[in-house]
Amino acid sequence: MKKAILYLNQFFGQVGGEDMAHIEPVFHDKPVGPGMAFQANFGEDVKITHTIVCGDNYMGSNTEDALKTIMAFLEDKEFDIFLAGPAFRAGRYGAACGHVCKAVQDKFGVTAITSMNDENPGVEMFKSQMYIFKGGASAAAMRQDVPKMAGFAKKILNGEPLLPAAEEGYFGRGIRKQIWLEPAAPATDRVMDMLLKKINGEPFVSELPIPKADRVPIADALTPEELSKSEVALVTSGGIVPVGNPDRIQSASATKWGAYDISEMEGLKSGEFFTIHAGYDPAAANEDPNRTVPVDVLREFEKEGKIGGIYKYFYSTVGTGTTQAEASRMGQEIAEGLIKDGIKAAILTST
Amino acid sequence: MKLKLGNFYVKEIVFGDKTEYKNGILTVNKQEALDVVNEDDHITSAELYIANPGDSIRMTPVKEAIEPRCRLAEGPLFPGATGEIIQAGDGTTHCLKDMSILVVGEHYGGFQDGLIDMSGEGAKYTGFSQLKNLVLVADTDEDFERTEQQKKNHALRWAGMRLAEYIGETVRDLEPEKSDVYETTPLLQRTEKENELPNVAIVLQPQSQMEESGYNGLVYGWDCNHMVPTLMDPCEVLDGAVISGSFMPCSSKWSTYSFQNFPMIRRLLDEHGKTINFVGVIMSNLNVALEQKERSALFVAQIAKSLGVDAAIVAEEGYGNPDADFIACIVALEDAGVKTIGLTNEATGRDGASQPLVSLDEKADAIVSCGNVSDLIELPPMETVLGELEALARDGNSGGWWDDELLGPSVRKDGSIIMENNGMFCGDQVVGWSTKTMAEF
Numbered sequence: 001m002k003k004a005i006l007y008l009n010q011f012f013g014q015v016g017g018e019d020m021a022h023i024e025p026v027f028h029d030k031p032v033g034p035g036m037a038f039q040a041n042f043g044e045d046v047k048i049t050h051t052i053v054c055g056d057n058y059m060g061s062n063t064e065d066a067l068k069t070i071m072a073f074l075e076d077k078e079f080d081i082f083l084a085g086p087a088f089r090a091g092r093y094g095a096a097c098g099h100v101c102k103a104v105q106d107k108f109g110v111t112a113i114t115s116m117n118d119e120n121p122g123v124e125m126f127k128s129q130m131y132i133f134k135g136g137a138s139a140a141a142m143r144q145d146v147p148k149m150a151g152f153a154k155k156i157l158n159g160e161p162l163l164p165a166a167e168e169g170y171f172g173r174g175i176r177k178q179i180w181l182e183p184a185a186p187a188t189d190r191v192m193d194m195l196l197k198k199i200n201g202e203p204f205v206s207e208l209p210i211p212k213a214d215r216v217p218i219a220d221a222l223t224p225e226e227l228s229k230s231e232v233a234l235v236t237s238g239g240i241v242p243v244g245n246p247d248r249i250q251s252a253s254a255t256k257w258g259a260y261d262i263s264e265m266e267g268l269k270s271g272e273f274f275t276i277h278a279g280y281d282p283a284a285a286n287e288d289p290n291r292t293v294p295v296d297v298l299r300e301f302e303k304e305g306k307i308g309g310i311y312k313y314f315y316s317t318v319g320t321g322t323t324q325a326e327a328s329r330m331g332q333e334i335a336e337g338l339i340k341d342g343i344k345a346a347i348l349t350s351t
Numbered sequence: 001m002k003l004k005l006g007n008f009y010v011k012e013i014v015f016g017d018k019t020e021y022k023n024g025i026l027t028v029n030k031q032e033a034l035d036v037v038n039e040d041d042h043i044t045s046a047e048l049y050i051a052n053p054g055d056s057i058r059m060t061p062v063k064e065a066i067e068p069r070c071r072l073a074e075g076p077l078f079p080g081a082t083g084e085i086i087q088a089g090d091g092t093t094h095c096l097k098d099m100s101i102l103v104v105g106e107h108y109g110g111f112q113d114g115l116i117d118m119s120g121e122g123a124k125y126t127g128f129s130q131l132k133n134l135v136l137v138a139d140t141d142e143d144f145e146r147t148e149q150q151k152k153n154h155a156l157r158w159a160g161m162r163l164a165e166y167i168g169e170t171v172r173d174l175e176p177e178k179s180d181v182y183e184t185t186p187l188l189q190r191t192e193k194e195n196e197l198p199n200v201a202i203v204l205q206p207q208s209q210m211e212e213s214g215y216n217g218l219v220y221g222w223d224c225n226h227m228v229p230t231l232m233d234p235c236e237v238l239d240g241a242v243i244s245g246s247f248m249p250c251s252s253k254w255s256t257y258s259f260q261n262f263p264m265i266r267r268l269l270d271e272h273g274k275t276i277n278f279v280g281v282i283m284s285n286l287n288v289a290l291e292q293k294e295r296s297a298l299f300v301a302q303i304a305k306s307l308g309v310d311a312a313i314v315a316e317e318g319y320g321n322p323d324a325d326f327i328a329c330i331v332a333l334e335d336a337g338v339k340t341i342g343l344t345n346e347a348t349g350r351d352g353a354s355q356p357l358v359s360l361d362e363k364a365d366a367i368v369s370c371g372n373v374s375d376l377i378e379l380p381p382m383e384t385v386l387g388e389l390e391a392l393a394r395d396g397n398s399g400g401w402w403d404d405e406l407l408g409p410s411v412r413k414d415g416s417i418i419m420e421n422n423g424m425f426c427g428d429q430v431v432g433w434s435t436k437t438m439a440e441f
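In order, the protein sequences belong to chains A and B.
Counted from 1, the first sequence has number 249 at position 249 by our numbering; the numbering is strictly sequential.
Counted from 1, the second sequence has number 187 at position 187 by our numbering; the numbering is strictly sequential.
Misleading hints may appear alongside valid ones.
[Stated by the list, open to error] Chain B regions said to be covered by chain A (calculated; three or more residues, Cβ under 8 angstroms): (1) 18-26; (2) 358-365; (3) 426-434.
Hint data in this document are derived by calculation from the structure and do not stem from the laboratory.
Here a beta-carbon is modelled for each residue, glycine too, at the ideal position from N, C-alpha and C.
Using the sequences plus the hints, can you model the full thing?
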C-alpha cells in the first residue's frame, strides 16, 4: 500500500473561513475534508496518512516560516506522493499549494500534484514546476477535480506510462518529449494535411508552437576611453581547453564550463590547448588556438593601450547540441564571476 | 522525365553459392560480394552478416544505408559518386525492396555514426529494424581519421555503394513484381487542370556544414557546400542523384537509402494532378557562415517566386546550427508570399524544457515535428553486436558518452546501454516516414 499526504487551507481543512485565515499549520493523522473524497477514489491502494492545514494569510505573509514548520513535520514521515488542494480559483490558496508542493518536491524528491482553475494566478507561478490539474472555478467542481488528481496519482504510483499534459488534463510544464502517434500517422500525411489547410486558409495546428522570444539586450558600448582602462574577458563556446580536458567538458550537449588562467601567457600555444568541440573541423583551431580564443591579438591591443588588459581567466564550453537552457545557465554562471570581478567587457567567440 | 522503379520484394536473404534473386529469396555468394568490397585497397578487413527483424542484434557504429538497385540503362547507380555523370531520374531502375545494405565500422565510430537494434524496445527507434539487412562490417587504413570524432568514412561508404550495385545486378534481367512510375512534365507545358491546382515545391536542406570536402552530401558528386540552391526534378533525387554525407548526428541523418526512397517526395508526386501541381525540388543546403545561409535562403525564395510557387515544404537534415538555415528559409519564403510548412526534428535537452530549435520565428507557424534528439533511451543487452559497442561511448558519438555524473557510462559492462535518441541511426525520419511527434508534458 502506498501513502499520500494532503495539504489544505483553513476553509477546506474545516477550521473556518476568512476569520481563521491567519492560523499557523496544524497537522492531522487522518484525511480531513476533501481528503475523504481522495480516500474514496484511492480505495485500498493508497492511504492518506496525514493532512496538513494552514491559513492562507499565514502562508501568504509568513511563507518561509510556514514552509519550515511543514517541512519539519514531514521530516520523519514516509509518503509516496503529495497532494494539495484543489484550490479552484482561490488565488492565495493556489499560491500556497504551489509553495508547499515545490518545497516538498525540492526537499523530499516526492512528486506533488495540485489543481487550480486557469484564472488562478498560482498557475502561471508554478505550472512549470509541478503537475497542476485544470480545475473548476469553485468548490462545486470538487467532484470532478478530485478524481482527476487521484487517478493521475495512482498512475504515477503504479508506474504506468503517463500521457501528454493535454490528455492527462494538467497544465503543460513546458517539457517537450517525443511520442509515437496512435494510430500511426506518418509525417507525409501530417504535412499534406497542414499544407492543404494552409493553402485553403483553413485553421491548422502547428506541431511546434513558437514560444515567445527570450532575448537579453546587449549592454551599452564602452567608449574607447573606458575600454583603454578596462580588462576584457574572453569567453568561448568553441571548446578550447588545456590538452587533456581537465574539467571533462563534453564534446557535444555540454553541461559544464571551465575557466583557465592566461594571466602569464602571450597567446595560446598549440600543443598546450586544443578544441574538444565535436561540431566543427578542429584543424585550424588545434593548429593555432588563438584563432578561436584570440589571446595573442588582445595582448597586442593591451600593449597598444587599446584595452586596459585581459581578464586573468578565459572561459570555455562547447556549443554544439548544447541546449538553450544549459547555455543560458552556463552564461549566467560565467557572467556572475565576471561581474564579481568588475569586468565590463567580454568577447564571446564561437567556432 | 519518366522514372520507372521496378520493385522486387525480398522475403529472405541467405548466403549461398550463387548471387541471385529468385522468388523473393536473395542469395549472396559471400566471397564474391567481399571481393567487390575489397576492390578498394583501403579496406583492410571485411565481413558480411544478415540482420533480420526480430534478431537479437545490435549494430554500431552504423555509417550508411543503401537500397540495392540496378540501372537498366548504362551507367552508375550514383552518377558522379560511383561513376561518370549521367542523367538520373529518366528511365528504368530495378530495386530490391524491404531490404537495405548497412555499412558498419568494425571498430571506430564517430559523431556522425549511429546505432540500430533489430528487436526489443530499441527496434522502434529506427526504421531499419523493420528491414532485412545485408550488413557489411569492415575496417580501413584511413588512419588520419581513425580516432577523429568527425569521419569521412569514405572507403566504407563507397564500399556500401559498390555492394548495392553488385547486389542490384541480380534483378537486371528479371520482371519486377510491381512498379512505381513517376512522370514529370515541363513546367511551362502543364495542362489547364494542373495549372489550376496550387503550385507546390519541396525545399531540401541536406547536410553541408563541413568546409573540407569528403563529409557533405553530394549532388551528382558535387559537394552541397559549394552550390547555390537549384531546381531539380524529383525523379532525379529518387534515382541516385544525391548521396548522403557523413556529418550530422545520426537520428537527424538522411542516409542514401532515405534519399532513394524519400517518402515526402513520393507523396507529392502522388498528389500531383489531384490536390496540387508539384513543380519540383529546390535543392538547397545547410552551410555554417551566416552569409552562406542568407545567400541560400535568397536563392530559394527567388526560385520559388520565379516559378510562381504558392506553397512549399522545407525539410532540414539536422538540428542546432542548421535550424538557422531552416528558419531563415521559411521566413524568406513566407516574405515572398509562399505558404510554407517546415519539416524537422527538435532538441529540447535532457529535461525537455529547452527551446526546441536554436532559431525561431513567428512566421514559422506550420511545422511538422518528427522527434526529439535529446530523449534518453535505456536498452538491455543484445545477444550479438555487429561492429564494436564501445564505439558508442568512446568515439564521440552524438548520442553516447564516456561517463556522466548522473547517468554513468553510455555502455555498461553487461552490454546494456543508455544513450540519447541523437545516436539512433536515421531515427527521426524527417524525410517523411516518422510516426513520431512532440508533445508537452
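Each hint, compared with the structure:
A stretch counts as covered by a chain when three or more of its residues have a beta carbon under 8 angstroms from one of that chain; for the stretch 18-26 of chain B and chain A the count is 0, and the coverage is violated. Coverage of a stretch by a chain is defined here by at least three residues with a beta carbon nearer than 8 angstroms to that chain's beta carbons; for the stretch 358-365 of chain B and chain A the count is 6, and the condition holds. Note: the stretch 426-434 of chain B has 5 residues with beta-carbon separation from chain A under 8 angstroms; the three-residue rule is met and the coverage holds.
Consistency note: the structure conflicts with earlier hint 1 alone.
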